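S.K.: Residue numbers (the numbering used here), protein chains in the order written: chain A, 9 to 131; chain B, 23 to 216; chain C, 18 to 648; chain D, 61 to 576.
Check before you lean on any hint, since a few could be wrong.
Have a look at the derived ranges for each label pair, beta carbon to beta carbon [as the list claims (entries may be wrong)]:
no. : chain 1 : residue 1 : chain 2 : residue 2 : range
1   : C       : Tyr618    : B       : Ala145    : 49 to 59 Å
2   : C       : Tyr618    : B       : Ala46     : 32 to 42 Å
3   : D       : Leu265    : C       : Pro257    : 54 to 64 Å
4   : C       : Gln611    : D       : Val512    : 44 to 54 Å
5   : B       : Ala46     : A       : Asp124    : 31 to 41 Å
6   : C       : Asp563    : D       : Thr90     : 54 to 64 Å
7   : D       : Ile219    : C       : Gly576    : 21 to 31 Å
8   : D       : Val108    : C       : Tyr618    : 38 to 48 Å
9   : B       : Gly111    : D       : Leu83     : 51 to 61 Å
10  : C       : Gly550    : D       : Pro429    : 49 to 59 Å
Here are the simulated DSBU-like cross-link-like pairs (lysine-lysine), alpha carbons at most 30 Å apart as the crow flies [as the list claims (entries may be wrong)]:
no. : chain 1 : residue 1 : chain 2 : residue 2
11  : C       : Lys329    : C       : Lys86
12  : C       : Lys182    : D       : Lys170
13  : D       : Lys473    : D       : Lys366
14  : C       : Lys182    : D       : Lys422
15  : C       : Lys537    : D       : Lys473
16  : D       : Lys422    : D       : Lys170
17  : D       : Lys473    : C       : Lys86
18  : D       : Lys422    : D       : Lys499
19  : C       : Lys538    : C       : Lys329
20  : D       : Lys473    : C       : Lys182
21  : D       : Lys508    : D       : Lys422
22  : D       : Lys499    : C       : Lys329
Calculated from the structure, these hints are not laboratory results.
On a predicted model such as this, the values are computed, not experimentally measured, just so you know.
We treat Cβ as the ideally placed atom computed from N, Cα and C, and that holds for glycine.
Read off the chains here:
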Amino acid sequence: MTLDILHPFSITFMDMMNFATHIGLAHFLLLSAVLFAIGLFGLLTKRGIIPVLMCIELMLNAVNINLVAFNHYMPVDDYSGELMAIFAVAVAACEVAIGVALAFRIYRDRGTVNVDDLNSLKG
Amino acid sequence: MTDVLSFIHFIVNGVMDFLVSIGAPDLIMAGIFYLMAAVTVLSALGVVLMRNVVHSALMLTASFIGVGCLYIYMNASFMGAVQFLVYGGAVAVLIVMAIMLTRRPDMAHSNPSRGALHQLGAAIVAAVFCLVMLIVSMASPFRTEASHLGDEVKGIADLMLTEYVLPFEVAAVLLLIAMIGAIILAKGVSENDA
Amino acid sequence: MDFALTHAYLIPLLPALAFVVILAFTRLDKKKSAAIAISMMSVSFVLALLTAGAVLTDHLVMSATYIAKAVWVTIGGIPISMGMLVDPLTAMMLFVVTTVSLLVQIYSIGYMAHDPGAGRFFAFLSLFSASMLGLVISVSFIQMYAFWELVGLCSYLLIGFYYYKDSAREAAKKAFITTRIGDFGMLLGIIACQVAFGTVDFMELRSIVPQYVWSSGTSFLTIVGILLFIGPIGKSGQFPLHVWLPDAMEGPTPVSALIHAATMVVAGVYLVGRAYFIFSQLPIVMEIIAWVGGFTAIFAASIAITQRPFKKILAYSTISQLGYMMLALGVGSLTASMFHLMTHAFFKALLFLCAGAVIEAMNDEADIFKMGGLRHRMPTTFACMTIGVLAISGIPPFAGFFSKDMILAAAREVSMPLYIIATITAFMTAFYMARLLFVAFLGDVKDDCPAEETNAFMRWPLVVLAALSVVSGAAGHFLDFGEWIHYGPYHEEAIDPVIAGVSIVLTLIAYGLAYEIYVKKRWSAMEISHRLGFIYTLSYNKYYVDEFYALVRGAFIDGLAAVCYWLDVHVVQAILDGLAHVVSLVSEILSIAQNGQVQRYVAVFYCGVIVLALYGIYYAVRVLGILGGAF
Amino acid sequence: MGFPILTTIFLLPLAAALIISFLPRGAHDTVRHVAAGGTALALILTIVCYVNYDITAGGIQFMERVPWITDLGVSYAVGVDGISLPMLLITNAIALSAVCNSWHIEKRTKEFYILLLLFVAGLIGTFLACDLFIFLLCYEVVVIPVYILILIWGSTRRITKEYGAMKLTMFLLMGSGMMLVGIVSMYLMAYPAGQRTFDFGGLMLATQMGHFSEGFQIFAFFLLLLSFGSLITLFPLHNWSPDGHASAPTAVSMLHAGVLKKLGGYGLIRIGLLILPLGARFWAPLIIALAAITVIYAGYIALAQKDLKYIIGYSSVSHLGYIALGFAALNVVSLSGAVANMVAHGIMAALFFAQIGYIYEKTHLRSVPELAGLAHYMPHLTFGFMLAGLASVGLPGLSGFVPEVTIFIGTMKVYPVCAVIAIAGIIITALYILRMLAKLLFGPAVPKFASVPDEHGVDLVPLIVLGTLIVVFGIFPDLLMGVIRSTILPLEPMLDDISTAPTILDGFSYAIGGGF
């Protein structure tokens, strides 16, 4: 059973070179995963509300890359994937607008934009 | 002259053939991808690691542009244009505006992070998540062939106004609501107006 | 005459009706209430007389009874009947109960004239009589138990009639709970009967039990019999559950008369008599009954000698006489017991009503040593009282002589020790009754004595009862009481001259002794009590039975209750609260994930996503067998 | 199908609640009248039902069935038989009494009555339901109003009302959780997919056809026992009830002691015995032992109490032990007794709480040492207390006597020792009831209570309604026992069948070895 699982990784040097020089779906997925993880890390560590927003934007971008890449590389017959990405962009634009407005409002009401201070979710 | 030209042509052809035979176009395309991917990822890291929030915002814009280039790389030039306009333009401006409105005295440390332990935890979560996603990505079918779908803008427009007309309208309404909401939130409603 | 038999159910029903009517409509009107109660009771009395007549003319005997019953309720296939069983025993009881009840109610008109709650009193009195009459005509143990409990309730209500007095309140409670302990045993016995024989109907049991004894022996039935006998121990004030009876004096005196003479306490004796077909099969139980009765008789008599309150003395005398009746039952003479029950009902009612008259005349002063010379002030009462004392002491030709003699004779036949106990008791009875009479009525009138002769309502019942006390014994003896009421083969009992002689002589000696001590004051009562010291204290304090019970109650009831409560709060509840704490502890731990900051939520969320994704990979690879396509 | 009388009874409190919710906030009197009218009408219809119930036919009558979620086999099915009809009767009688007893509540009257009527409707629904889904639904409807009612209108004494309310709700919810698992597992085991049904008759049929293995029945009944056992307050699971009583407003106490706890006994018979007979048989000795302990233990605790509500609270725990005893003896006599005692005790306990509630409302005292000599000024109240107390003691001529004797006869046959222990409870009952009554009502007059008015007008409604039931069922017990008999007696063959089945005393291994 272990062999089965490790099968994808039992690869030769040529396989690796081939993979490195022929850009395909997997590369974009890898890139998207890394970008998403970076955004996630930022989301979890940032104190300010605006950096958090920025990190969310990063994560959204990662998702959009996925959508477009799938549309491009998979055998599909229309542009649904890109269309989804465009919808995502629209929603993200709304989100940023509202997020910034909220940040501004919170700053005005509380004089701070630190996420630490925003714990009213705790009962 | 023709001889020379034909020689040169021959040489060039030979070189090209050579280059093609050793896979140079793929290499060049790969190089372009790596370059743009590096720009995107490094700027993204910059967003997270910069101490000054203004620098973070700049880095974010760079990352957006990198992603836009990647779209164009994938023959999604319309998507790339949207990316440049919406993210590289509007969102970036909005965020810079927000930074300006909520500015603080010491801009050099305006993008604080949490404590080391917290960062470690977040890093572990992010890393494990990344690893899992990498595994999933690696397990995906290895495709390098692009699908040929014809004119992009026309294709998207057709879809948008036929099959996805309802989500399109909803998105329009959503944008309107977001606009109104943002205005109300930012402006504030006094108790007397209610 | 058939009318009387078929409508015997009216006898208990009419007083019950009176109870309902009075309680619903005329509660606040004394005169109307009394009129309703007494008129209903009179009709019942007439019906009881007619019933007795019907029994005599139709020659109903103990083995050929009149029964009418209807199903009251069917519980899961077992029919429980209510109805009426008329035989000579029933007829005698009906007659006694209605007579005494009627006289007591008439007496109460006078006694309760100034009490604002008289309407209520007559209602309860009617219910009391109704319950007792219902008990008397019962056809089954369940019916008897039902009315038995109702009798207990009425005694509770009536003893506690002066509810504003703490002592009355406590006495009522004590009466109910003490008899309840007896009821517990009785109920067990009844249920055991039901379970073992499938019926609790007297007539059915009567035919089943002998066969059962013949086929299966008496070991199980002995247990049933003992359990059943616990009920009479409680109700009839036998040792050790006699403690409620003296306290029951807290009620109005007519109630005491009713409880002690005709209702309540004789219910126990009656039950044993009614279920004699069971008890007589069980030698061990008979022995127990006889000895409990004998011991109670002498025990209560020895207490009565030293008591001072008028009614207390009579109360202990009742316990003692009930012991006599039990003794008679135990030695196998149903006739003697029932005969004594009847005569005792008359003379004890007489004595109590006299006591009521005296105590009312003395403005609620009950201590006999504060009375004296009352014969000058209350001659009628004195005369009646004297008749009562003579009757209870067993002087011929008064009623007590015949019945007591019969008991002594029966005891003599079976057991010498019991005979001796009974004879000593007779001696003591004569002594303390004489003491009561002499101290209260003879001697000089005290200066501040307010006593006057009572009014007519109270006087005439005394006279009637006195007459009954004189004639009932002789009538019973010469009209062959035993021919009608007996168990097993009937044999005529003549008066044994030796036994009668001994008891008469002892009685006269007791009279003389009491006369010398309390009238002539030849020996100082004080000095005697000092001389006797320990025994006197013991007797005066009723052998500390009450104190013993208080101790038991403190330790085993209240103490245990406190322990249980402590356990409930500090163990059961603590365990539950502990569980709750464990839950909240776990939730504390789990709520680390939810500190109110979005970022923590996000982190937890992604941990969840990771787990799901890993499971997805596992599922894809292991279950679906999909392997990566990247290579 | 004629007039849907049961649905009407079920909907009347809901309709009243709906009307009340549209009344203006200040119209307290109108609110009260609507609530009383709704419950009174329901009571009258129930009496009509009771009178028209065909005793010779027995079984479920007045059946109404409307398919609801056909894919899951759920239908809206209501009907009554000889077990649920008396329960329905006392539910409505107590509901009317509770509404009238709460007449003087001025704090958020509207919300109080809405919640109370919801509570009542839930209770009615559980007794009417012939479909376990409806049963569960109504049971859940019961829990939430109780919590809110205690929290807002409750009182704090030894324990806070928040604590009492939470404990009660936790126990009820735990019970409903166990019940849910049990019922769903029955649902799944009864038939293969596609034919499944929550219908009560369908599940009984599944039992008769042997679709439930013995091991499964033991398992499922254990879940039901945890749930219904805590409802009828069997020994280790009893603690929530007195605390709940102590913190609850009177109306809730009345319905809680009178009806809600009886739901446990009802469920044990209706679901536990009829659908899982072997499971019931297996656990019966355990229930018997716990019941005997409960009777004595709770009786003793009641002796040590000072607070009136605690006394009656523990007293009802003790009395419910008799019901558990009657249930677990598993013969027709004891089962009739158990059902009858549910009715008798329900009326009696409700009457008790109504009287206590009245005193508490007028004097704000409910501790026995603080009260004395009430009989001098309050004859009606005294009458109510005496009636309830004597019924509690099991006096013949009142409703408690026949049921108790029936239970004793039924139990004595099979478990004599535990029966004797339980019968000893009648002494303890007499002790604490009489002590309480003596201290509370009798003794010297206390002038400070002279100004407390006696019950009059609408305050007398509980006394009249419940008192009538107590006396009528006491003097004519066959009115009650006849209806019960019509349903219990046909169970005899089934009870005989299971009487030889293994019990917990035979050990787990045997039963489970034969089952799973």
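S.K.: Now tell me if each hint is right for this structure.
M.R.: Hint by hint, here is what the structure shows:
no.	hint	verdict
1	C:Tyr618 - B:Ala145: 49 to 59 Å	18 Å, violated
2	C:Tyr618 - B:Ala46: 32 to 42 Å	50 Å, violated
3	D:Leu265 - C:Pro257: 54 to 64 Å	59 Å, holds
4	C:Gln611 - D:Val512: 44 to 54 Å	52 Å, holds
5	B:Ala46 - A:Asp124: 31 to 41 Å	54 Å, violated
6	C:Asp563 - D:Thr90: 54 to 64 Å	60 Å, holds
7	D:Ile219 - C:Gly576: 21 to 31 Å	25 Å, holds
8	D:Val108 - C:Tyr618: 38 to 48 Å	58 Å, violated
9	B:Gly111 - D:Leu83: 51 to 61 Å	59 Å, holds
10	C:Gly550 - D:Pro429: 49 to 59 Å	41 Å, violated
11	C:Lys329 - C:Lys86	41 Å, violated
12	C:Lys182 - D:Lys170	45 Å, violated
13	D:Lys473 - D:Lys366	37 Å, violated
14	C:Lys182 - D:Lys422	25 Å, holds
15	C:Lys537 - D:Lys473	66 Å, violated
16	D:Lys422 - D:Lys170	21 Å, holds
17	D:Lys473 - C:Lys86	26 Å, holds
18	D:Lys422 - D:Lys499	18 Å, holds
19	C:Lys538 - C:Lys329	23 Å, holds
20	D:Lys473 - C:Lys182	45 Å, violated
21	D:Lys508 - D:Lys422	12 Å, holds
22	D:Lys499 - C:Lys329	25 Å, holds
Violation of the numbered hints given earlier is confined to hints 1, 2, 5, 8, 10, 11, 12, 13, 15, 20; the remaining hints are satisfied by the structure.
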